[in-house]
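Residue numbers (this note's numbering), protein chains in the order written: chain A, 1 to 346; chain B, 1 to 308.
For the record, the hints were derived by calculation from the structure and aren't laboratory data.
Fair warning: there could be bad hints in the mix.
[Said to hold, decoys possible] Now the stretches of chain A that chain B is said to cover, found in silico as 3 or more residues with beta-carbon under 8 Å:
| # | stretch |
| --- | --- |
| 1 | 119-127 |
| 2 | 151-157 |
| 3 | 289-298 |
[Claimed, not checked] Only pairs whose alpha carbons sit at most 30 Å apart, straight line, appear in this in silico DSSO-like list of lysine-lysine:
| # | chain 1 | residue 1 | chain 2 | residue 2 |
| --- | --- | --- | --- | --- |
| 4 | A | 272 | B | 47 |
| 5 | A | 92 | A | 49 |
| 6 | B | 49 | A | 272 |
| 7 | A | 220 | A | 272 |
| 8 | B | 29 | B | 49 |
| 9 | A | 237 | A | 97 |
| 10 | A | 237 | A | 272 |
| 11 | B | 284 | B | 253 |
| 12 | A | 96 | A | 77 |
| 13 | B | 284 | A | 220 |
| 14 | A | 220 | B | 47 |
| 15 | A | 272 | A | 92 |
Where a beta carbon is used, it is the ideal one built from N, C-alpha and C, also for glycine.
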Amino acid sequence: MFGLLRGYFSTDLAIDLGTANTLIYVRGRGIVLNEPSVVAIRQEGLTGKKTIQAVGLEAKQMLGRTPGNIQAIRPMKDGVIADFNVTEQMLKFFIKKVHDSRMFHPSPRIIICVPSGATQVERRAIRESAIGAGARQVYLIEEPMAAAIGAGMPVAEATGSMVVDIGGGTTEVGVISLGGLVYSASVRVGGDKFDEAITNYIRRNYGMLIGEATAENIKKQMGSAFPGSEVREMEVKGRNMAEGIPRSFTITSNEILEALTDPLNTIVSAVKSALEQTPPELGADIADKGMVLTGGGALLRDIDRLLMEETGLPVIVAEDPLSCVVSGSGRALEEMDRLATVFTND
Amino acid sequence: MSAPEKSASRLSPPEGAVSPVFHPGFGEKLRLAREALGLTPAEVAAKLKLGARQIEALEAEDLAHLPGDVFTRGFVRNYARLVRIDPEQLIVPVDINAAVAETITAPSEGVIFSSPGLRRWVLLPMLALGFFVVLVAVLYYWLRQGENALLGAPVAPPTVLVPAAPPAPIPVAPPALPPAAAPEPAMPAEVGPGATPASTPVPPSAPAPAAQPAPPVPTQPASQAAPAAGKNHTLRFVPGLDAWIQVVDGQGKRYSKLVRAGSAETFDGEAPFRLVVGEAAQVKLSYDGHHIDLTPFIGQKVARLTLE
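Isolated chain B (complex conformation) (with noise of 0.2 Å):
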């Protein structure tokens, strides 16, 4: 049912009740007035272009032999105003707006103007907000774990028994995505679980006997003897050709400095080592006095490994 159905429906009466936007009794003024110009009913039909047939029914309220309800209030309006009689005295006047709004507010209500619209506008930021919401926790997520889960993932590092000391394994972890490594000393603890025993925290700690009463170096006594006498390594660089070397240790101290061709660099920390060593075929590392092949490292040209 349209909207002017509605109101059509709202506004007429039961057939033969006279209907609510008209005053009681509208039809006997309309008469008496006419009577009192001494007017027919043909008269007046013919004055106002109606029928004959439309005058008898305003007079008699008959609105069932009448055209819709605007029609029939015109009517009465045109009528009222020929035999002078103020229109307002039979015609309960309606407010336009709130009859619109009265007739077609309320049942829009269950309707929804264009429904798949609203929802629309209703979803989509709300899936936007939340879409933004995941995102940003798996961004807090991951740069919470980010090094964990880079790392996690290579597969078991190859673990390198330094040649110069068979006693002594020393493993060494190539880090699949070293430039996006955090400088974060938990990770060695999950580097090692491909290497089983040999690379857990165990062996460190074996080497350490053997490695320990030859190493402490006395180039940096002062200020890391104390707190890390027992834990302390060297690592000493010397490189065939001027190589930038970055070495941060177990503690997240940072080196990195660029070495000259021919002298020699040395670094003291707590392992793990994590390194970047430039030039890197020409660059000789000792590890404890033990040499250590980067060969196997080397990318382009720079070397990037752990050291535990």
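So here's chain A without its partners, still in its complex pose (with noise of 0.2 Å):
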């Protein structure tokens, strides 16, 4: 009785429980959270008792800049949850976030993203998570089905559709028609993997370690996908591993677009075998339209060029990459009934 009531109280959400960031979208109010999925744990000296110190942007500043007794984990990584307890509790707090009803504990129906490669077990785990962090029901839906509808695509129409979402910790390539998804596949591949191999690159090349806040700078301001005419530097502060003390040194675009090719590589082997994977009828319809880019790694610069030319197929990056998985499920969550195909079973 009670719970029905509090499910009276509580608004279904649609979630984007993303590696890098997790983003909300309340029925009826639209995306009203974003926020970094970063959750920041205090251990107290004594008792050995552990706390939430902080969620979201705050804890994701502590990144990398913690004392013993606090430790900044993304309980998210490669799409799947990592760390079962913090993403529940980070949930928790963003639940509790969007409902402004102090009087009941929320209880909301959800609809969550799960990377189309996502095991079972990791199905089970987000589900679970999700309920553990007060859900009376949860709904899964396949994250490009969600890129999909939110970039705008006619997924139900019978017509191929060709999306790729390049997340923090997969990129999802899905071609869609009718409503499901004919062929998809997801590579463990996304922005971090981007972060990981500047890392790797300025220790191999320069012999200095710098941490992820700064790889990720380095990425937003000068990651490039395809060689460009003009050329940029960027002045980068590290440790140099041989003194052990902090150094300065400069950085140009083309190397970053040397240490970005294996991650890259990647992404494009598993476009070019979703196209061979394609069904005749619905190649032509992508050869005709192209592919959506959806996703934080869509902003990465001429990256829908290298798509282009390594595919030979028109690429558009979506409007608002960033927000077309949540406002994809959001969608889903507005017309559920209509749109019921594009849930999916554990």
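With the hints as a guide, bring the two chains together.
Given below as structure tokens:
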């Protein structure tokens, strides 16, 4: 009885539980939350009891800058849950944040995105953590489908649409027709792997150690996927491994392009293999319309150009690539009856 | 019609017209920029991986020959970037969230998100609440009327005539469920109906003239005598074993006591009396001097009865 009442006072949510960012769409209100998926946990000295220090943006600023008793954790890795309890706490925090009512503990119905390549165990973990965070019902939607809906592609029509969602942890490639995924593939390469590749490149070639945040900053400012006419430079600070002293050095955009070659090649081969597996009729539709890029990775400079050159097909970057997945899930939430086919079973 | 179809139908213009999502003359601007760079449509098509036909359609603003809205906007953006124009000059920016809210919320109002679910969420608490209210009302009514309801049910109580005084019948009604009986004196009036004229309020008054002169037992003269002198009756118990005796008189006064074997206990009060007598087989009871046989009322060992 009490649960029913709580449910009655809760709003339905669509959540893009991403490796890098978590976005929440509230039914009837739109996207209301966009926070990094980071949790800072403090361990009490005497009792050893763990408490949550910060969640989201505040916690992200702590990454790599924490003292011994605070741990800044990214509970999602490669698009799936790496730390179950912390994910649950983070979801609980976010769900509470988007509910204004203080009278009842929220108990909403939730649509949550999963990578199409997630195993049954990983899907179950996401479902369980949402239930643990207070959801009374959880529906799962595959990320390529959500991204395609969010990008405004005609998913329900008898025409092939191809979407490439480059997220923080995974890249999802999906071919969609008549409200279903005809082909989907997921490679565990995304923004995080780009950062890692930059860190490794600088360590190898400059003997300097840089942090996650610096690597991300370099990627955002200078990262590109295709050689351009203009070469940019940037001054970077890190720790010299030989001397053990912080130093600064200058790096160029061509070097970053070189550093990103490996992860980009993985994405290109995933796209090519999707095209190989696509039935010819749908392939013809895709050749006509091209593919749509979504996710934070789509903001990497000239990544559309790279895919265009590699596949010979038109490539379009969605208008708001960062929020495509959550707004697609939100649209599915709003029209659950009509878009029933887009949900997935465990 | 699905959501994307709806959004497409909202966004795409009728054939041949310029879509409201593009600034008028965007095709012309693209063509001029391309010519300024000295590029042919074929070169542009090769760079954008589009067909030459599609480039021509873009420049002619012929949206009917281009794929859906999302794709056309993407093509225009790519083309603009290639010929170094700001895409914002050509495309009317669409607030994605607003567009989603507009295309989605409105139609879903009529549909209602999984309507059976919503109805369930609305109805269940309401039903539960209604059921609860009814339950409370029934309980209240039962508590108020409980005793009447319970005691009114039993079959016509056997009227016991006190053998010692044939002319003065004393109706005795064994209650069916005496433990639940509340101390309300209204009861006996309803106990009577089965017993008809003999046990109606008349008989108590009938024996009264005969009995009254005799009983005034001088045990409790001070308190009881004055107000209810005419109605007082006397009960006398003589148990053969130690017996627990409880008496509730017509005014609701309750006496309960363990009466020792061999001793005698006398109670004065107004009729009707409700009695619970332990070890009833061994107890001799007299009512205004008339002996009453408890045997018909004995359950295990305890007799429960009402004396009028």
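Against the structure shown, which of the earlier numbered hints fail to hold, in ascending order? 1, 9, 10, 13, 15
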